[in-house]
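As you go down the protein sequences, you meet chains A and B in turn. The first sequence runs 1 to 359 under the working numbering. The second sequence runs 1001 to 1484 under the working numbering.
Derived by calculation from the structure, the hints in this document are not laboratory data. Please note that a few of the clues may not be correct.
From the structure, some residues in chain B lie toward chain A, with a derived Cβ separation under 10 Å [said to hold, decoys possible]:
#: 1; residue: V1382
#: 2; residue: Q1386
#: 3; residue: L1391
#: 4; residue: I1393
#: 5; residue: F1395
#: 6; residue: R1411
#: 7; residue: V1413
Taking lysine-lysine pairs in the DSBU-like style, the calculated list, with each CA pair at most 30 Å apart, reads [as the list claims (entries may be wrong)]:
#: 8; chain 1: A; residue 1: K73; chain 2: B; residue 2: K1101
#: 9; chain 1: B; residue 1: K1480; chain 2: A; residue 2: K109
#: 10; chain 1: A; residue 1: K128; chain 2: A; residue 2: K342
#: 11; chain 1: A; residue 1: K202; chain 2: A; residue 2: K356
#: 12; chain 1: B; residue 1: K1426; chain 2: A; residue 2: K134
#: 13; chain 1: A; residue 1: K134; chain 2: A; residue 2: K73
#: 14; chain 1: B; residue 1: K1293; chain 2: B; residue 2: K1426
#: 15; chain 1: A; residue 1: K128; chain 2: A; residue 2: K83
#: 16; chain 1: B; residue 1: K1101; chain 2: B; residue 2: K1235
Here the structure is a predicted model, which means the values were calculated and not measured. Where is the CB? At the ideal position from N, CA and C, for every residue including glycine.
What follows is each chain in one-letter form.
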Amino acid sequence: MITIKHLSKRFTNPDNTVVEVLKDVNCEIQRGEVISIIGPSGTGKSTFLRAINLLDPPTGGEIIFNGENILDKGYPVSKLRQKMGMVFQSFNLFDHLNILDNITFAPIKLRNLPREQAEEEAMTLLRKVGMSEKTSAMPSDLSGGQKQRVAIARCLAMHPEVILFDEPTSALDPTMVGEVLSVMRQLAAEGMTMLIVTHEMKFARDVSTRIFFMNEGIIYEDGTPRQVFENPVHSATKAFVQRIHKLVFEVDSPDYDMYDVHSQIGRFCNKYNIAAKRDAADRIIDIMSSSVMASLHPYTLRLTHSEQTDVTAVDYMKENVSGSFLADTDSQAASAVRTLCKEVVEERTSRGFRVKFIL
Amino acid sequence: MTVSCKNHNPAAGNDDTTQTQAAIRSEADLPGHSVAYTSGSVYDLMMSPRTDINKLCFNMQTDCIEAIVRGHADVLVDDESFIPPEEMARLGIRLAFRGEKDFPCGFAFRKGEKELCEPLSHFIDSLRSTGELQEMYERWFLCDTPSRVPMPDLGPAPTGKPILVGEAINLPPTAFPVERQWRGLEPELLERFAHHIGRPVQINYIPVGSIVAALQAGNIDILGGGIFITEERLKTLDFASSHYSAHPGYFVKSTDGGTRPGFSQRVKQMFHNNLIAENRWRYITDGLWETVKISLLSILLGSLIGAGVCRMRMSRRKWVGMIAQVYVDLMRGIPMLVFLMIMFYVVLSGTGMGASAVAVIAFALNFAAYVSEMFRTAILSVGEGQTEAGLAIGFNRWQTFIYIVAPQALRNVMPVYKGEAISLVKNTSIVGYIAIQDLTRASDMIRNRTFDAFFPLLTVTIIYFILAWLLGRLLDLTVKNIDK
């Protein structure tokens, strides 16, 4: 359906330095594929997506869509975009139109649909994304998740052959990510061809048929989710998918700001979609700091999460200690925290001793 | 409140007035007093070098009268004949003494103009030799109610290319319009001359401030209105043979007043005087139409030009944006009145374009500079995401702008745009400077005849207010319709 050959994109900065965001991108996309594009920030994922529908026209290469090179002079770009929907990070609903009009506007103007038919179609789509009650609301009345669902419906109203999702959940409050991802999951299940730039690793792994790992302006690794997440070929891919997110606190005295610690933990859990584990983490930390750790300052407290293995843990590390400190002072507290986690790992490290609670 | 009523107010300062009057009996008594006179007149030339008096120089003779009546000035110097005796009593003004020297008055021409200047000179000389000129002078000037003197019937007006005359005065007995027909000594003389040479004359009132510019730019052929022939002026202008001499008169407030009518009586009288008598309301309706026409056309044309300038300002080519920027800065830096005069007397003077058309162009160019910046900020305030969403769904650039960006920008710009449009309507009140009889000038015309400042000004104030309000409503409705 889409074949991309040697795609490149160069920007010239105001100070005349040239930045090559896309160097040499090659890929082949078949109808019905759901492709997640992952990778570190600043490696050209969004630029790649925006190059495909020519919002950021590439500086070199070829994009063959249904047999035609869309970079040829005179290729009807607007017609192309009608067949290639796009969902933006910042939703970009038409602010001056209500929800129903947002969806019917393009079909009426571009597909010359009679208003009644356009509205009928719009209602079907709004029901599909769960927004049929809000037809006369204005975009500013909606939450981020609702806006994004409407934006997806607006996209579908043009009957696109493929939809490009440019970080569709990155601007959302974590509590709203789920509703948007479910809509996308449903679309994928219906066989829509989708290209998704995302940081939602779990979603990418569960829903995609293929993963593009982008790094340094090229598709570094291309494969099924299982290949890319579990047996990555390149070390950079491995480092990216196996990277462990950490939240570290150096606790020097009993007077540390415990409210700040809890709020940071809340944010961390939201960011990596592990809100369900927040409560256990909070309680373990509360019990530990008032009992076992109360006299062990200074120590290091960490919250870690691996997206690849989906393992989250709270751990305590005390330097210059050679044995476990968990049950030394308060065995009652120690047993209480054991019930809050799946497993407790105690290990000697090069500098001291660590107690780790796997959540 | 009319000026005549004000005169009888037992307000503070009445004693002063009496003392002042007592003191002024000749030109020797002037030092230390406030003297009112009209700008550009021979009295301006006489008084402006003096340092021993307090000078009050006004644009219109009516304003001088107002100054005397209200007690801002002690003495008013102008032609002896300039306030008809019937009005003097009503206003509570009296002639204190006469000037010693007379001033010959004549019609002025561009320097070197021959085609009309010499024939008119000969014509005036022949009228003088037959005694007809003296007869005319006596009929208009030595009469108590010159405003009721009829124009002689000279038969049907000749046809052909009209001679354009600018009258710097509209007061009896020299020249004054009654129901759109000019009367007075000079109009009669000019009518006779028109029949003599077989070309029609067309008279327009031109305020004193812009008479010389009008003449030199060729907007008028002959300048009338009791223009004094002075050494100074002979250097830059040619004059036809003098057709009368003006006697300077020094006016002061009189102590004895008439009876003061009741309030309702006064309002009724003002209403009748300023609007009903001689169908003076037609000045208002004609002026209103002129103001509305100039305002609306300027707003339309200015918005179009403004959109173009805005487009240039936002151009990707730097030099195009620079041109627009220079234009905007330039227009914002020139006072509107100066710009209007430059356009009329210099830039467009040779094009034969009517004054109203010039005004529309000048106001549109000025309006464009201001609204182009408003349009630009309004467009920029619509997020880039809106354009991207439009493009991504399959609209081309133009459709995206028209369907998505413009409606939002328009809503953003409307509050300031409305203010600018209303401000333009009010600014059109300066078009009188290029001899357009707009709403403000209409009030001047009426004030000149009735010597009443309050009523005509109040009338046009109310009309301007209603006009501004209606325009605001109109623009609000436009936006509502766009939203649909």
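Going through the hints against the structure:
no.: 1; hint: V1382; in the structure: holds, 8 Å
no.: 2; hint: Q1386; in the structure: holds, 6 Å
no.: 3; hint: L1391; in the structure: holds, 6 Å
no.: 4; hint: I1393; in the structure: holds, 5 Å
no.: 5; hint: F1395; in the structure: holds, 7 Å
no.: 6; hint: R1411; in the structure: holds, 7 Å
no.: 7; hint: V1413; in the structure: violated, 13 Å
no.: 8; hint: A:K73 to B:K1101; in the structure: violated, 87 Å
no.: 9; hint: B:K1480 to A:K109; in the structure: holds, 21 Å
no.: 10; hint: A:K128 to A:K342; in the structure: violated, 39 Å
no.: 11; hint: A:K202 to A:K356; in the structure: holds, 24 Å
no.: 12; hint: B:K1426 to A:K134; in the structure: violated, 46 Å
no.: 13; hint: A:K134 to A:K73; in the structure: violated, 42 Å
no.: 14; hint: B:K1293 to B:K1426; in the structure: holds, 13 Å
no.: 15; hint: A:K128 to A:K83; in the structure: holds, 20 Å
no.: 16; hint: B:K1101 to B:K1235; in the structure: holds, 22 Å
Consistency with the previously given hints fails for numbers 7, 8, 10, 12, 13, ordered from lowest to highest.
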